[in-house]
Amino acid sequence: MKNETRANLIKQGAIWAFILVELAFFSIAGEFLSVTETAFMDFDNMLLLLKQSAPIGIIALGMTIIMINGNIDLSVGATFALAAIVLLDSMTWPFMQTLGNWAIPLAWLFALATGVVLGAISGLIVWKTGVDAFIVTLGSMLGYRGLVFMYNGEQPTSHLNWTLVDFAEAQFLGLHTATWFLLGAAILLWLLMTRTVHGRNAYAIGNNRDAAVNAGIRVGPHFLWNFMLIGFLAALSAVVFYSESGSVNPNDGMLYELWAITAVVLGGTKLSGGYGSIISTLGGVIAIQLLRKGLGHIGADTETVNLVIGLILIAVLFLDRQLNRKGKEELRT
Amino acid sequence: MTDQTPALRLEGIVKTFPGVRALDGVSLTVMPGEVHALMGENGAGKSTLMKVLGGILAPNEGQIFIEEQPTVMSSPMNAKAKGVVFIHQELSLADELTVAENIFLGELPKKSFGRVDWQRLYDETDAILKTLNVGFAARTRVGDLSIANQQMVEIARALTVEPRAVIFDEPTASLTDAEKVVLFEVIADLQSRGVGVIYISHRMEEIFKITDRISVLRDGQYRGTLNTAETNEEEVTQLMIGRTLDLSRNESTHELGEVALEVRGLSCGGLFEDVSFSVRRGEVVGFYGLVGAGRTEIAETLFGLREPSAGTIHLAGEEVSIHSPADAIKRGISLVPEDRKGQGLILGMNCRDNMTLPQVSDLTAGPFVSDGAEVAIFDQYRDKLDIRTPGWRQLVGNLSGGNQQKIVIGKWLSMRPEVLIVDEPTRGIDVGSKSEIHNLIRELAAQGYAVIVISSEMPEVLHVSDRIVAMFSGRVMREFTAEEVTEDSLIQAISGLTGKTA
Chain A
1 MKNETRANLI
11 KQGAIWAFIL
21 VELAFFSIAG
31 EFLSVTETAF
41 MDFDNMLLLL
51 KQSAPIGIIA
61 LGMTIIMING
71 NIDLSVGATF
81 ALAAIVLLDS
91 MTWPFMQTLG
101 NWAIPLAWLF
111 ALATGVVLGA
121 ISGLIVWKTG
131 VDAFIVTLGS
141 MLGYRGLVFM
151 YNGEQPTSHL
161 NWTLVDFAEA
171 QFLGLHTATW
181 FLLGAAILLW
191 LLMTRTVHGR
201 NAYAIGNNRD
211 AAVNAGIRVG
221 PHFLWNFMLI
231 GFLAALSAVV
241 FYSESGSVNP
251 NDGMLYELWA
261 ITAVVLGGTK
271 LSGGYGSIIS
281 TLGGVIAIQL
291 LRKGLGHIGA
301 DTETVNLVIG
311 LILIAVLFLD
321 RQLNRKGKEE
331 LRT
Chain B
1 MTDQTPALRL
11 EGIVKTFPGV
21 RALDGVSLTV
31 MPGEVHALMG
41 ENGAGKSTLM
51 KVLGGILAPN
61 EGQIFIEEQP
71 TVMSSPMNAK
81 AKGVVFIHQE
91 LSLADELTVA
101 ENIFLGELPK
111 KSFGRVDWQR
121 LYDETDAILK
131 TLNVGFAART
141 RVGDLSIANQ
151 QMVEIARALT
161 VEPRAVIFDE
171 PTASLTDAEK
181 VVLFEVIADL
191 QSRGVGVIYI
201 SHRMEEIFKI
211 TDRISVLRDG
221 QYRGTLNTAE
231 TNEEEVTQLM
241 IGRTLDLSRN
251 ESTHELGEVA
261 LEVRGLSCGG
271 LFEDVSFSVR
281 RGEVVGFYGL
291 VGAGRTEIAE
301 TLFGLREPSA
311 GTIHLAGEEV
321 SIHSPADAIK
331 RGISLVPEDR
341 KGQGLILGMN
351 CRDNMTLPQV
361 SDLTAGPFVS
371 DGAEVAIFDQ
381 YRDKLDIRTP
391 GWRQLVGNLS
401 GGNQQKIVIG
411 KWLSMRPEVL
421 IVDEPTRGID
431 VGSKSEIHNL
441 IRELAAQGYA
451 VIVISSEMPE
461 VLHVSDRIVA
471 MFSGRVMREF
481 TAEEVTEDSL
491 IQAISGLTGK
501 TA
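So the sequence lines, in the order shown, correspond to chains A and B.
Under the UniProt record's numbering, the first sequence has 85 at position 85, and the numbering climbs by one with no breaks.
Under the UniProt record's numbering, the second sequence has 186 at position 186, and the numbering climbs by one with no breaks.
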């Protein structure tokens with residue numbers, strides 16, 4: 001039994017070990033190859049890294065829950081863009097402009113509500129039709145992206161509110177606003193998944209759906225809640241990011257779903273559901289951002305970065321498989 | 001007993017599926033404190049009846065009474081709340097979760113804000129596990145438990161409520177003898193608390209050991225109820241299948257050919273060690289032992305699924321190394337696996353495609369798969385093995401267990417093997433089909449195949465084998481011929497007692 005606890009610890013610690021390896025590698029490689037003078041492990045650099053992790057990170061946290069539940073959500077990128085448009089555009093509405101700075105929380109509310117509603121639509125369809133979440137959210141991804149383009153054509157939607165920018169750029173205890181949102185969401189969701197009945201049932205459903213149904217767990221409502229949650233998180237991610245940037249392109253958020261899934265899988269969550277952890281996903285998000293920044297630091301261009309991340313993802317999952325084998329006693333496949 | 005109110009009464013239950021009348025006016029009465037066996041061949045409607053009772057299926061007609069109150073079971077949860085608990089035959093556990101979470105699945109104790117009350121959960125689970133006398137704790141991950149222990153978790157689920165009636169659907173299918181004793185104690189305890197127990201099993205010796213009455217279903221119809229004390233196996237069997245059954249020891253012998261398969265000193269890690277035996281053409285060698293003795297692992301090694309760490313395998317006198325199932329098939333070894341549904345068949349495919357699966361790449365007409373050749377093979381083995389199916393288009397998942405097993409056997413026979421390994425040939429198969437499969441195995445040997453049968457059921461091993469290899473924790477304890485074997489000596493051998501007491 002002790003062995004199993006240890007194996008479990010190794011499993012959950014693997015992503016953090018990987019992060020340490022990355023840090024060491026880029027620090028040393030940076031000494032020789034760096035295009036700038038600053039060290040890679042610079043404190044400000046690391047803070048910035050956390051902040052830059054936030055948009056995809058917050059979405060990836062939601063994706064973890066969806067995937068533990070045995071589903072997948074491909075529509076988060078489009079939800080992200082649509083929520084961003086609602087956030088920025090709503091502040092230009094005449095009645096909102098009369099409210100002064102009170103328009104800000106209201107705009108946030110609108111954006112977050114948008115996310116929840118979009119998530120609820122996907123969730124309801126998955127629940128009521130029984131169609132696989134992959135197909136349903138593939139459809140809603142296309143549909144929501146269509147709505148994004150209908151809103152303003154190919155034009156970007158912009159509105160810069162300086163109070164908002166100040167808030168988004170603020171640092172509290174050294175950490176940026178976006179980082180606080182990421183960490184806060186991670187802690188709340190971790191509590192949700194480990195401490196609540198909803199969270200534990202989500203694991204059970206993803207692990208063995210028939211068993212859950214036989215035990216009287218109502219699978220559909222759990223799906224709906226989780227899709228609403230990921231919609232909310234996608235919108236929250238948009239709120240955090242666009243409060244600062246103030247302009248959204250209709251193509252923004254594309255491929256975010258895939259980056260989020262990459263982070264979740266790197267963090268060790270099973271694609272088939274039933275196993276995974278919010279904290280490990282946080283590790284996955286940071287690991288990816290470290291790779292991007294680190295490769296940039298030693299002078300690689302974006303194309304190379306994506307190639308390397310892709311290769312590392314496959315390598316890591318292969319390694320994971322090898323480590324989990326039981327040696328010669330295992331069945332061959 | 002007659003003046004008591006029945007714990008549970010079913011009256012005139014009818015359940016139809018498109019094209020089938022699965023249950024046809026079935027009535028059943030279960031008294032409190034009674035163990036009531038429900039028997040019938042696979043496909044007789046037992047499972048359907050229990051699903052109706054457990055709230056998984058809604059009946060088309062008929063009424064369920066709990067303590068004479070008419071009741072409608074709307075869901076499994078609803079049934080459980082009314083005190084009717086269904087312990088599934090196929091494990092329905094979430095293996096990434098802990099034992100405690102699985103036992104209380106769907107009804108985790110709650111604190112404020114929907115938080116799980118872990119303290120209460122673990123306390124209550126520990127209390128239940130204590131009554132079951134098992135060797136694992138509430139916090140153990142279910143996936144780390146053995147199959148038998150997982151079955152105990154499944155049983156523990158029944159004890160979370162004050163049940164009025166508990167349905168056990170083949171609970172002993174994967175339990176060892178020691179664990180069976182614990183299970184029977186649990187059942188006796190339920191009985192003494194006035195709970196009505198419905199016990200579904202194909203194993204006669206269990207039925208006669210623990211049940212009070214036996215009700216029999218055949219083809220969806222109620223055939224009658226017998227008092228266990230006043231009946232015998234023959235009568236029950238006759239009621240079930242409408243004819244008598246031959247359960248005697250294997251006596252027929254036929255000419256044995258040369259040695260087809262010989263294994264010398266085969267080992268695989270800690271799974272089994274230094275295993276040597278040989279099988280001749282026309283011979284059935286039975287492997288008997290407890291679950292976990294390493295029998296299945298030997299079969300998997302012979303079939304190329306595991307890499308042996310030492311030892312040699314000889315086929316027809318020639319040393320071979322088998323690296324994959326494809327290798328094994330090419331050399332004439334076939335394996336009918338233990339888990340029919342999980343390893344032997346593709347349930348969502350039809351009968352023909354399942355049967356021709358290993359050779360479909362050879363059955364081509366130009367670039368396409370030749371339908372005619374496939375159907376021809378299917379027809380040949382359907383007739384040969386007497387597979388009862390409406391046609392080759394029938395999905396395998398809709399067949400009864402016996403017919404499914406025949407499809408698997410037919411699949412391998414069509415590959416014309418030299419050595420046929422059959423792992424638990426009759427697990428979860430009803431009595432009637434069981435003897436058919438036994439006869440089939442004997443017949444195959446008579447035709448010159450070398451057959452290895454792995455089984456956990458002593459009557460089965462005794463019935464089909466020419467020789468019996470007894471295994472205990474990864475080692476061959478002793479080899480018996482059909483003439484010299486006795487039940488006692490066999491039990492001693494598989495318990496690791498050979499040599500010292502004899």
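Check the hints yourself; a few may be wrong.
Said to hold, decoys possible - Computed, partial: chain A to chain B, Cβ under 10 Å: (1) V197; (2) P221; (3) R321.
To be verified - Facing chain B, a subset of chain A residues (Cβ under 8 Å, in silico): (4) D44; (5) M46; (6) R195; (7) N208; (8) A211; (9) G220; (10) G268; (11) S272; (12) S277.
To be clear, the hints were calculated from the coordinates, so they are not data collected in a lab.
Heads up, the beta-carbon is just placed ideally off N, CA and C, and yes, glycines get one too.
Open item on the list: Interface hint check: A/G268, Cβ to nearest Cβ on chain B, cutoff 8 Å. Holds or violated?
Closed with: It is violated, given that the least Cβ distance between A/G268 and chain B is near 12 Å, above 8 Å.
TODO: Identify whether the interface hint at A/M46 stands, where standing means a beta carbon of chain B within less than 8 Å of its own.
DONE: violated (34 Å)
Task: Restraint check, 8 Å cut-off on beta carbons, for A/A211 near chain B - done: For A/A211, the interface hint holds, since the closest Cβ of chain B sits about 4 Å away, which is under 8 Å.
Open item on the list: Interface hint check: A/G220, Cβ to nearest Cβ on chain B, cutoff 8 Å. Holds or violated?
Closed with: Since the shortest Cβ distance to chain B is 13 Å, the answer is violated.
Task: Hint validity - A/N208 Cβ closer than 8 Å to any chain B Cβ - done: holds (4 Å)
Open item on the list: Quick check on the hint: A/R195 CB to chain B CB, less than 8 Å?
Closed with: holds (5 Å)
- [ ] May I ask you to test the interface hint for A/D44 with respect to chain B, counting a Cβ-Cβ separation under 8 Å as satisfied?
- [x] Because about 38 Å separates A/D44 from the closest Cβ in chain B, which is outside the 8 Å limit, the hint is violated.
TODO: Return the status of the interface hint for A/P221: holds when the least beta-carbon distance to chain B is below 10 Å, violated otherwise.
DONE: Hint on A/P221: violated, closest Cβ of chain B at ~13 Å, above 10 Å.
TODO: Please verify that hint: A/V197, Cβ, nearest Cβ of chain B, below 10 Å or not.
DONE: holds (5 Å)
Open item on the list: So, as I understand it, the hint says A/S277 touches chain B; can you test that by seeing if any CB pair is closer than 8 Å?
Closed with: With Cβ-Cβ at 11 Å, over 8 Å, it is violated.
Open item on the list: Interface hint check: A/S272, Cβ to nearest Cβ on chain B, cutoff 8 Å. Holds or violated?
Closed with: Violated, about 10 Å.
Task: Proposed interface contact between A/R321 and chain B, which counts if any beta carbon pair is under 10 Å - done: violated (17 Å)
Checked against the numbered hints given earlier, the structure breaks hints 2, 3, 4, 5, 9, 10, 11, 12 and satisfies all the rest.
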